[in-house]
Amino acid sequence: MFSYYALFEQLPDEVKQAHGIKMDMKNPRFDLIKASGEYPPFDTLKNNKGMLILRLIDPRGIINSTDQRRAGRALQGRRGKDTINFTSLFIPELPTAEGEPMIGFGNPNGNPTLKNGNPNPFAGYGNDGFLFIVSPDWKRIELLVMPDGNLTTNPAAKALADGVYDSIVQAARAAATTFYDYWKK
Amino acid sequence: MIDTLNIRLDRIALAGGNPLAIANYLTDIEEGQSEKRGYWISGRLKDDNDKDNYKISAFQWGISIKGSLAKYYLPSNVYTHKRATIQRAIEKMSDELHIDVSAATVSRLDISTVIPTQRPPADYYPRLGDKPYFKRLPTAADTLEYRTSKKRLIFYDKAKEAKAKRAMIPPNLTGCNLLRYELRYFGRLQKQLKQADPITAAALYNPKFYYMLVQQWRQEFDTIKKIHRNTTVMEDVKTVKEAEDLFFARLIQQGGGKAAIDEFMADIDASNAFGENKTQYKYNLKAKLNKRLLTPIADGDDIIVEIEKAVENYARYAV
Numbered sequence: 001m002f003s004y005y006a007l008f009e010q011l012p013d014e015v016k017q018a019h020g021i022k023m024d025m026k027n028p029r030f031d032l033i034k035a036s037g038e039y040p041p042f043d044t045l046k047n048n049k050g051m052l053i054l055r056l057i058d059p060r061g062i063i064n065s066t067d068q069r070r071a072g073r074a075l076q077g078r079r080g081k082d083t084i085n086f087t088s089l090f091i092p093e094l095p096t097a098e099g100e101p102m103i104g105f106g107n108p109n110g111n112p113t114l115k116n117g118n119p120n121p122f123a124g125y126g127n128d129g130f131l132f133i134v135s136p137d138w139k140r141i142e143l144l145v146m147p148d149g150n151l152t153t154n155p156a157a158k159a160l161a162d163g164v165y166d167s168i169v170q171a172a173r174a175a176a177t178t179f180y181d182y183w184k185k
Numbered sequence: 186m187i188d189t190l191n192i193r194l195d196r197i198a199l200a201g202g203n204p205l206a207i208a209n210y211l212t213d214i215e216e217g218q219s220e221k222r223g224y225w226i227s228g229r230l231k232d233d234n235d236k237d238n239y240k241i242s243a244f245q246w247g248i249s250i251k252g253s254l255a256k257y258y259l260p261s262n263v264y265t266h267k268r269a270t271i272q273r274a275i276e277k278m279s280d281e282l283h284i285d286v287s288a289a290t291v292s293r294l295d296i297s298t299v300i301p302t303q304r305p306p307a308d309y310y311p312r313l314g315d316k317p318y319f320k321r322l323p324t325a326a327d328t329l330e331y332r333t334s335k336k337r338l339i340f341y342d343k344a345k346e347a348k349a350k351r352a353m354i355p356p357n358l359t360g361c362n363l364l365r366y367e368l369r370y371f372g373r374l375q376k377q378l379k380q381a382d383p384i385t386a387a388a389l390y391n392p393k394f395y396y397m398l399v400q401q402w403r404q405e406f407d408t409i410k411k412i413h414r415n416t417t418v419m420e421d422v423k424t425v426k427e428a429e430d431l432f433f434a435r436l437i438q439q440g441g442g443k444a445a446i447d448e449f450m451a452d453i454d455a456s457n458a459f460g461e462n463k464t465q466y467k468y469n470l471k472a473k474l475n476k477r478l479l480t481p482i483a484d485g486d487d488i489i490v491e492i493e494k495a496v497e498n499y500a501r502y503a504v
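So the protein lines, in turn, are chains A and B. Quick note on numbering: the first sequence equals residues 1 to 185 in my numbering. Quick note on numbering: the second sequence equals residues 186 to 504 in my numbering.
Any given hint could turn out to be false.
Stated by the list, open to error - Sample of chain A residues with no beta-carbon within 10 Å of chain B, all distances over it, derived: (1) L11; (2) R29; (3) G50; (4) K81; (5) F90; (6) P92; (7) N116; (8) P121; (9) W138; (10) T152; (11) K158; (12) V169; (13) D181.
Said to hold, decoys possible - Derived DEER-like restraints, expressed as beta-carbon distance ranges: (14) A:V15 to B:Q439: 33 to 43 Å; (15) B:P481 to A:A175: 31 to 41 Å; (16) A:D166 to B:A208: 33 to 43 Å; (17) A:E93 to B:K320: 38 to 48 Å; (18) B:L378 to A:V15: 52 to 62 Å.
Just so you know, the hints here were simulated from the structure itself, not pulled from any lab data. We treat Cβ as the ideally placed atom computed from N, Cα and C, and that holds for glycine.
So here's chain B without its partners, still in its complex pose (with noise of 0.2 Å):
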């Protein structure tokens, strides 16, 4: 369940190699020097799809490596990374790069995968309330986040986005509505996750590591304050009338209905409301309120349930 993996590597876990010598091994390089890093080269590693996916960069202290893992080795991105594929990830990119990458350190992680839905994935949305310590933003019509310095939950629909970008969506997914989860871990990983060792790449394809980071996208959900109610049924509405015509029989059926209807027309018979047409208004007030104590106002589904029963699933049997 890994996507994007930045790693960078020491001069000293290089055995004492040059990291600049890397330049032999990539494409489109460049070149500098600043004040601050020395002299830099930088260049791209190509996937399998011969895009430019990692980015690769050189300095006196070591190697930088930024880019998505899922890119790098499947066919895209909406496709998820398992505990074995991360680890031959791991070892094509040592064999390509000509250095031991297994021990470089990891610096930025994001763990992740995709969710097939019932409805678009905007419409779980609502459900997601406040998460402790985290700001809620929905930063854009398709995206929620949940933000703290170090750490982001992002959700946002994968398969617009893979549409957008032509990427690749696997053939039995092909048509589904699909919920991207991401955790993203930005910089201090070893202390966000609590281990007593930096984390290298070659933790991310050990069983009790791997386990326990996708307990951790399971658990940063979990927390996530869920607004647990039905959904309203707004498919229909179309006009002002329509949602205020919707709004008063909700507010009829969660406020009483039919005892409710009663004692209100117990009141209209105590007291002189509609004069002398009272038979027949009575009538046709009671069969309005009636109607709408048959009007449909939802459709039964508590929706967030769809996502946290997925989401624990997925980690349950993360493999």
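One chain only, chain A, in its complex shape (with noise of 0.2 Å):
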């Protein structure tokens, strides 16, 4: 059901110092720290020290819709020069307890080109859909990759909330090994 699960975070300012990256950016960075499974396009999303990162954003401007049912956040991407929109992230109002995770999703942008022209990563995983939890503070969020999803991303959101994946996540989380290694001596 799942073929890529990932575990985004924002790393601690002392992580951050450690590897020289940035602090107090507008758009919250989060670090792949974590996977299990395989999902090739974000081979090239890598930077050249091995990291893949993304940024939070604010989807406005970005996305052609309209106010009423455009997503509140959007992830985007980085390969060499280019942007990359990975994702608009919808969370809609599902019945997580307070203080619980929240539920998003969304799909990948497949078109063959990006605006520039140059070719697309996510060209051919355009019927893929995403689903997100997400930790209440935005500190940290995962990632489960629905091949041929985006038809059912959101009555699959409903069932992540009802628990429906609870024991596949779990497996999930469990197979997930290290991606990159921040707190390496």
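These two chains come separately, so use the hints to put the complex back together.
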């Protein structure tokens, strides 16, 4: 059901400092900490140190849709000088208890090319759907990739909130291995 | 969120082309002659699964196309069309029929999706009350329908139906309870949707029009009177006595609880009830009544809120 699991986190200041990462940026930076499974387009988003970074942005002015249905947030990555609009992040009002993670959904832009005409690394993946588990303080985002799940992201988000996938998510978390060790001495 | 889509193309929209020429692109062709319609042909446009999905009929006046756009383009109609896939489906149909289907006028339209639910769909129906101007018809055990002459709202168990019809359920929704909510428009769509022009197939993937349709789907649900109350715990009830006990517990808990029991016991005290066995019987009675006070009568959920939230979320983020 899920072909890929990834845990992104906002790194603590001391870790950022140790790696020479700029602090207090306008758009929060999320680093890929752990992952299980495979998602080939992500390979192209790694920087030259082997880190994979997404930024949480306000999609206004970037995503062309009505205000009513535009997602509150979006995730953006980089490939060299290209900015990649990875996905919108819709957070529906689902019945999760206070203090529990929020559930979100999205899908990649599968257009063959980016706005600047360069090839889109997510071309051919437009039918995939994403589910997100977001910590209430927005410090941690877990991503679940559903191959060909684009048409079922909204109901799947509700099923995730209802606990239907609990055991699958637990297994994906347990199988996740370190993607980049930021705490290595 | 479009499922059934019936459309018709007048001869004029075919740019003078012969409607009957469409026979070249159909299978299972039949033909006939009627006094009212003249010579006609009909056939099938098969979907990707090679199932006879769309029924196409051609007359001297034009072409009629009837079927499910979801079954035609998606693995089954348990999947829900997005705006982008509606456009691709219409384009595919245009290619296959060698006519511009986007210009066709819509004569029937179903707006629908599936909602995974925590309980079997039928559990929610008693919480959906009357709706102004609509007849509420529980048509079958698994179906609830609201009806006017031109519009219907249908709620049913899609997982059950898909299983019976061997329709493909999306892998990530397999095993879920799936409540289907459909809004069906029959005829006079332009008037029903208060549009200045006839509704064409192309309008269905226009962002503003599509958003408006989805909001109609939500608003029709919103105007159903909801019966908000907590759920009585019925799972353990197997006998009439158990049901009676549960009902009694509910009356006590909703009718004053401990204060009501204390008041009743004070009345017993002040009376000659139980005669010489008063002390023992009073003790027994109070223990029994207190037990009723602790009987779980509700699971704490106002279950229809789950569906209200889901419809609101779907409508808000319909893409």
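Which of the listed hints are broken here? 5, 6, 10, 11, 14, 16, 17
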